[in-house]
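There are 2 protein chains.
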Amino acid sequence: MSFCLKCGHATEKAIPAGDSHYREVCPNCGFIHYENPKIICGALALWKDKVLLCRRAIEPRYGLWTLPAGFMELQETMEQGAARETWEEAEGKVAIDQLYCSYNIPRIGQVYMLFKGQLEEGAFGAGEESLECALFDEADIPWDSLAFPSIYRTLKHYYHDRKTYDFAKDQVPFHLETISGDDTVIE
Amino acid sequence: MSFCLKCGHATEKAIPAGDSHYREVCPNCGFIHYENPKIICGALALWKDKVLLCRRAIEPRYGLWTLPAGFMELQETMEQGAARETWEEAEGKVAIDQLYCSYNIPRIGQVYMLFKGQLEEGAFGAGEESLECALFDEADIPWDSLAFPSIYRTLKHYYHDRKTYDFAKDQVPFHLETISGDDTVIE
Ligand SMILES: [Zn+2]
Ligand SMILES: [Zn+2]
Chain A
1 MSFCLKCGHA
11 TEKAIPAGDS
21 HYREVCPNCG
31 FIHYENPKII
41 CGALALWKDK
51 VLLCRRAIEP
61 RYGLWTLPAG
71 FMELQETMEQ
81 GAARETWEEA
91 EGKVAIDQLY
101 CSYNIPRIGQ
111 VYMLFKGQLE
121 EGAFGAGEES
131 LECALFDEAD
141 IPWDSLAFPS
151 IYRTLKHYYH
161 DRKTYDFAKD
171 QVPFHLETIS
181 GDDTVIE
Chain B
1 MSFCLKCGHA
11 TEKAIPAGDS
21 HYREVCPNCG
31 FIHYENPKII
41 CGALALWKDK
51 VLLCRRAIEP
61 RYGLWTLPAG
71 FMELQETMEQ
81 GAARETWEEA
91 EGKVAIDQLY
101 CSYNIPRIGQ
111 VYMLFKGQLE
121 EGAFGAGEES
131 LECALFDEAD
141 IPWDSLAFPS
151 IYRTLKHYYH
161 DRKTYDFAKD
171 QVPFHLETIS
181 GDDTVIE
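So the protein lines, in turn, are chains A and B. Using the UniProt record's numbering, read the first sequence as starting at 1 and increasing by one per residue. Using the UniProt record's numbering, read the second sequence as starting at 1 and increasing by one per residue.
Rather than coming from a laboratory, the hints here were simulated on the basis of the structure. Owing to the predicted nature of the structure, the values given are computational and were not obtained by experimental measurement. From the three backbone atoms N, C-alpha and C, an ideal C-beta is built for every residue, glycine too.
Okay, the calculated bits of chain A under chain B, using three or more residues with CB under 8 Å as the criterion:
#1 4-14
#2 97-106
Below, a list of computed lysine-lysine pairs in the DSSO-like style, where the Cα atoms sit at most 30 Å apart:
#3 B:156 x A:38
#4 A:38 x B:6
#5 A:6 x B:38
#6 B:38 x A:93
Throw the hints in and build the complete structure from the sequences for me.
Spelled out as structure tokens, the structure:
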């Protein structure tokens, strides 16, 4: 059971005229409630080839490692969202270079937009949603303790691309992929 | 005045614990209503160097020309959204090549994701939301009658990039920009 945001009346599932999808529609005031995918913005924040990771202090995936990332807010750009999350979760300032990895996750209605950037002065702390944050070399990445497949894939891409392309000449590819199936499985 | 989706009680504006933004919060059941940016997916659908445009049969911008594009739905990928919109608005089947232009429009809480693709067999019609659709050569693009700045910019990028890069070798750049100010102004 669901209620109308505009008038509080109980809504009904219906396909509005000219539409192709079921929506929650209000039979009292006619308001149509659209539900759309959400954008998650985040940063691969680098400092001298080290990657900034955060250990989650919240569910889901409490205790596992992630890139700083979270839901994009109204009135910000994706780049601002990625920088804000880096500040909130890791108390680091990131200068965004470029969009690096994007993931469709249709099963849960999410799109990840992960930006490559430089962690200013290599400085960071740990925000309220993090147990701890740290800069990792490739050899130390906790591959078995990463929170999400999007994070695993982004780190794999980064270490592959760094050996394959000339990052100094900005020859960094952009990756767009779809993550399907059970998101608890790191593929 | 706004009401709770979950229980129908009137909501109140408040900053939830651990949050940094005001949300509509329900004092009865505690449900927090997040509002986030929406993704608009669309296609630059090409057929022999011609671009498929649609003349809008709906507001806003009734009568003006646009690329097929619309709100991304749950349970689809961005590429599927772009192809679905091309079918719905122009009755064309597009084979997506790559993400080509992305625009933050923070003033209205939208992110455009426009994909370059090939219009299969050059076939199209006109969907319910289009007065007409047509394939345009560069010389015939209705620059003064385009519906949105995102469309204007994408077409400008395309004609510039086509002369600058080797599209046959997939050397197509990706553009990420922010559109600010009044979106009725084509910048
Ligand atoms: Zn209502
Ligand atoms: Zn409630």
